[in-house]
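**Student:** Residue numbers (this note's numbering), protein chains in the order written: chain A, 7 to 237; chain B, 47 to 285.
Calculated directly from the structure, the hints in this document are not laboratory data. Fair warning: this is a prediction, and the values are worked out from it, not measured in the lab. Just so it is clear, CB atoms sit at the ideal spot from N, CA and C, and this is done for glycine as well. Among the hints, a few may not be true.
Stated by the list, open to error - Part of the chain B face toward chain A, derived, beta carbon under 10 angstroms:
1) G115
2) S119
3) F123
4) H130
5) Q181
6) A186
Spelled out, the chains give:
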Amino acid sequence: MIRATFFAGLASLMVALAVPPDATAATVIMGTVKNEAGKPLPGLALLEKGEIHNNVWDRGTLVGADGRFRIELPEGGQYGLHVYSSGYIYSPEAVKVETGKTLEVKVVLDPEPIRGNTPVIKKAGFFPWEARQGKVTFVKVDVEDPNGDLGPQVLALNAATGRAYALNPPKRITDLKANFPNGIYQLEVDTSKGPINPRDWHFVVADHQCNTTDILSFPHEPKPQKVIGKP
Amino acid sequence: MSRRIPPLLIGFAVACHVWPGPTCVRQAAAQTGLQALVMEGERLWTHSPDAGNPVACATCHRDPAMTRGWAASFPKFKPLPPPHARVMTLLQANAEAVERHYRLADPLPAAIAITAFLTAQAAGVPISPGVSAGQPVFAARMQALAASVLRGKHLYAGRCGHCHKSFDLAPSATTFPRTEGGHPASLELFLEGHRPLQPPLAWDGQATADIMAYLISQAAGRPTGDHMYRASTEGKEGS
Chain A
7 MIRATFFAGL ASLMVALAVP PDATAATVIM GTVKNEAGKP LPGLALLEKG
57 EIHNNVWDRG TLVGADGRFR IELPEGGQYG LHVYSSGYIY SPEAVKVETG
107 KTLEVKVVLD PEPIRGNTPV IKKAGFFPWE ARQGKVTFVK VDVEDPNGDL
157 GPQVLALNAA TGRAYALNPP KRITDLKANF PNGIYQLEVD TSKGPINPRD
207 WHFVVADHQC NTTDILSFPH EPKPQKVIGK P
Chain B
47 MSRRIPPLLI GFAVACHVWP GPTCVRQAAA QTGLQALVME GERLWTHSPD
97 AGNPVACATC HRDPAMTRGW AASFPKFKPL PPPHARVMTL LQANAEAVER
147 HYRLADPLPA AIAITAFLTA QAAGVPISPG VSAGQPVFAA RMQALAASVL
197 RGKHLYAGRC GHCHKSFDLA PSATTFPRTE GGHPASLELF LEGHRPLQPP
247 LAWDGQATAD IMAYLISQAA GRPTGDHMYR ASTEGKEGS
């Protein structure tokens, strides 16, 4: 009995020494989103993987009514965190998350002073590709920017999967600083394992001057974009 | 916050008070012009010149505690969207932002003024290229900066090294922006116009950023905007 206990203890010790203490800990970025007066703001938190503004969108999540969000990551590293809330200028921030650790950020958003330059998502829709027997579905949004300086941030979040996407512009553009055209932006989604649930999809657009649309969520019926005054 | 005034400057101020010669007059004029430039930069920082687009720099970057270290961290890698991400000087980064946000046909005058304002805000902060207080340091960005410094070293040797030792020149490189003859002056524009027999440099180009990255790397640890601090101190003393 004593021998068995000794060997069991030795085995546990060896396992403990072989595995770094934080190897099983989650890699997380979490935070709060508020306005200048401290009021929690709901919205979206989306991540680019790697250098910020590289347009390689990776993960994302909804920011709750309490202004809190949490995104679990497969690995640490450099990310570009973008936070959006309806009526507010979006906030970009380059962050470094260490593997097995939680990075906590505090985001303060400022309201858009006017909405006359703000892009508009005129409509959004989901269109199964009949030729592919529903294995592919196009997610499409019709975007218009009054001052014509759209950029690559025509974005979608599938909240069910936690995936963030940049939708493809109507024509191919390689220079991400170029002004992107108004029109239909779209994304091909693999729906071979199940159809899209529109309730999971949220859209937001920001132009080169940081003017940011309201977040368009289900039922994806746009409303007039209002100015939120300074608190 | 208290700051120590260098004894040499106190001596200079006293000497100018006793005998305000031409040097002192020029110095005073330059500092008055510099203050005006800084104030213009603050105005542009806080108010958009485009009435149709009132979003100004300060709309998003409103916390001076956050922006105070910016000037000290340049030249550095600016993560602009590909393929534009590169090492930039503060003036180049400001010009890019002014062009994008304010849509001015000529972004340079506003960019110099905003650069002067940010440099004045950072007065006294130790120069630390690539590193901003309170912000994470990314290895890839520092590697890009190191590569820029190396390119700058070679460029400097070919263009400037025959007449100027870089170590001697580095302190002067930190005294921009400033006013010369009543006009705003930047090191980028100086480099563009200097040594006209050499292949031309563009004030907003990579080569200019590389030369400045090399020069400023040798001034690391020195106070940012020391000349700004002198200007603000003497302005207050005179008021």
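**Student:** Indicate, hint by hint, whether the structure satisfies it.
**Tutor:** We went through each hint and held it up to the structure:
no. : hint : in the structure
1   : G115 : violated (15 angstroms)
2   : S119 : violated (13 angstroms)
3   : F123 : holds (9 angstroms)
4   : H130 : holds (5 angstroms)
5   : Q181 : holds (8 angstroms)
6   : A186 : holds (7 angstroms)
Going through the hint list in order, the structure does not satisfy hints 1 and 2.
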